[in-house]
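Engineer: Construct the complete structure from the given sequences, taking the supplied hints into account.
There are 2 protein chains.
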Amino acid sequence: MTAIAASVLSSALHWRYATKKFDAAKKIPTETWTALEEALVLAPSSYGLQPWKFIVVQDPAKRALLSAASHGQRQAIDCSHFVVFAGRKNYSETDLAHFIARVAEVRGGGTGPLKGYADIITGTIVRARSAGLLDAWIGKQAYIALGQFLTSAALLAIDTCPMEGIEPAKFDEILGLPALGYTTLCAAAAGYRAADDKYASQPKVRFEAGEVILRA
Amino acid sequence: MTAIAASVLSSALHWRYATKKFDAAKKIPTETWTALEEALVLAPSSYGLQPWKFIVVQDPAKRALLSAASHGQRQAIDCSHFVVFAGRKNYSETDLAHFIARVAEVRGGGTGPLKGYADIITGTIVRARSAGLLDAWIGKQAYIALGQFLTSAALLAIDTCPMEGIEPAKFDEILGLPALGYTTLCAAAAGYRAADDKYASQPKVRFEAGEVILRA
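Residue numbers (my numbering), protein chains in the order written: chain A, 1 to 216; chain B, 1 to 216.
Keep in mind that a hint or two might mislead.
One copy or two, either will do: identical chains are not told apart, so a pair holds if it fits within one copy or between any two.
Said to hold, decoys possible - Okay, derived cross-link-like pairs now, PhoX-like style, lysine-lysine, Cα gap no bigger than 20 Å in a straight line:
| hint | residue 1 | residue 2 |
| --- | --- | --- |
| 1 | K89 | K27 |
| 2 | K204 | K115 |
| 3 | K62 | K27 |
| 4 | K115 | K198 |
| 5 | K89 | K198 |
| 6 | K198 | K26 |
| 7 | K204 | K170 |
| 8 | K170 | K198 |
| 9 | K62 | K170 |
| 10 | K204 | K20 |
| 11 | K21 | K89 |
| 12 | K204 | K21 |
| 13 | K115 | K62 |
Since the hints were made in silico from the structure, they are not lab data.
Structural biologist: This is the structure we're talking about:
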């Protein structure tokens, strides 16, 4: 693996900000967008379960509806590509079996040798379900993917805006997610900042490193 | 902003895997680690609240205790740098005021013009608290930071292992987090894969892109 320079990472992360106003005329080139979809596909998740769907919404009519279900935020309309992050509801043993079958398919050897692994995951699922935390645990995984997406985009010089201020139930309806058994967790707009997005030039606000990084 | 090539991103994300066995003799150089701490500090969060602490644990005795509280996983001991991601419990209006003061400090202009912004955030906090979802919402933010950390590390050719299979209550005690009002959410080991980590050479298992990426 050839590493990028630490200074390249640092400059990309400083450059990134939550873009409020996108230049609606600028579209992300295909090769770049393909790399960002790959970043979603390759995102890490607990046990590698990938309990998610990423809905890339390019239909202008749907984008308008999603904007209305986001307190009218224009990012959903003006950005180049709009992604909704959805998580599996009531993740089940059937979902797990589907995942284990995929592991066997990719790595070979059948599902037999994977039984121990599957049992461990089943234990985690059962415990989370009993504690009423199953959807919450599954949902958190999508935030790892969101983080990977935002970081990857910055390194490709693509602007993004992560969006939590949305109405998940309305998003679900607009995108037909209930029928699939998935639910909206968050979204991200991607594209290019408008020349007059006033937020672009505001200093980034972070606590001092010494306040958020503790040593033990 | 100078973008990295899409192929560089792709190759880093393919190279990344959840490292099970670290080479305990190899340490991350200071400049590289500093960049990774910066990736944590700069991680995105809802409203920019940064409701977290990142505990970098380098004390071998504590690392041994954390390993024991992680079902004996050796990564906590053998990695170069071990980070615990903690979230604020019962995020309060006092926490928000501290954040708003920081915004004013960095951007100037006092807190007066920020009142509208603070009121919006207060509304979100109050609604989350009423719904019993405050800690869950705050906790999800740390997973964005985890995603940014894992992606950044891969680009710097640093191996990582995200860890959820830990006992948060024991982590909290070992690190003295209850007194600070924070609680453990997840952890990440960082360093270099051991030459004999058998997981390094296993094909990465992902569903087909067409299964996880939907179009609308």
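Engineer: Indicate, hint by hint, whether the structure satisfies it.
Structural biologist: Status of each hint after checking the structure:
no., hint, verdict
1, K89 <-> K27, "neither (33 Å within a copy, 41 Å between copies)"
2, K204 <-> K115, "between (48 Å within a copy, 19 Å between copies)"
3, K62 <-> K27, "within (18 Å within a copy, 49 Å between copies)"
4, K115 <-> K198, "between (55 Å within a copy, 19 Å between copies)"
5, K89 <-> K198, "neither (38 Å within a copy, 33 Å between copies)"
6, K198 <-> K26, "within (18 Å within a copy, 45 Å between copies)"
7, K204 <-> K170, "neither (32 Å within a copy, 35 Å between copies)"
8, K170 <-> K198, "neither (29 Å within a copy, 45 Å between copies)"
9, K62 <-> K170, "within (11 Å within a copy, 47 Å between copies)"
10, K204 <-> K20, "within (14 Å within a copy, 36 Å between copies)"
11, K21 <-> K89, "neither (32 Å within a copy, 33 Å between copies)"
12, K204 <-> K21, "within (17 Å within a copy, 37 Å between copies)"
13, K115 <-> K62, "neither (42 Å within a copy, 34 Å between copies)"
Checked against the numbered hints above, the structure breaks hints 1, 5, 7, 8, 11 and 13 and satisfies the rest.
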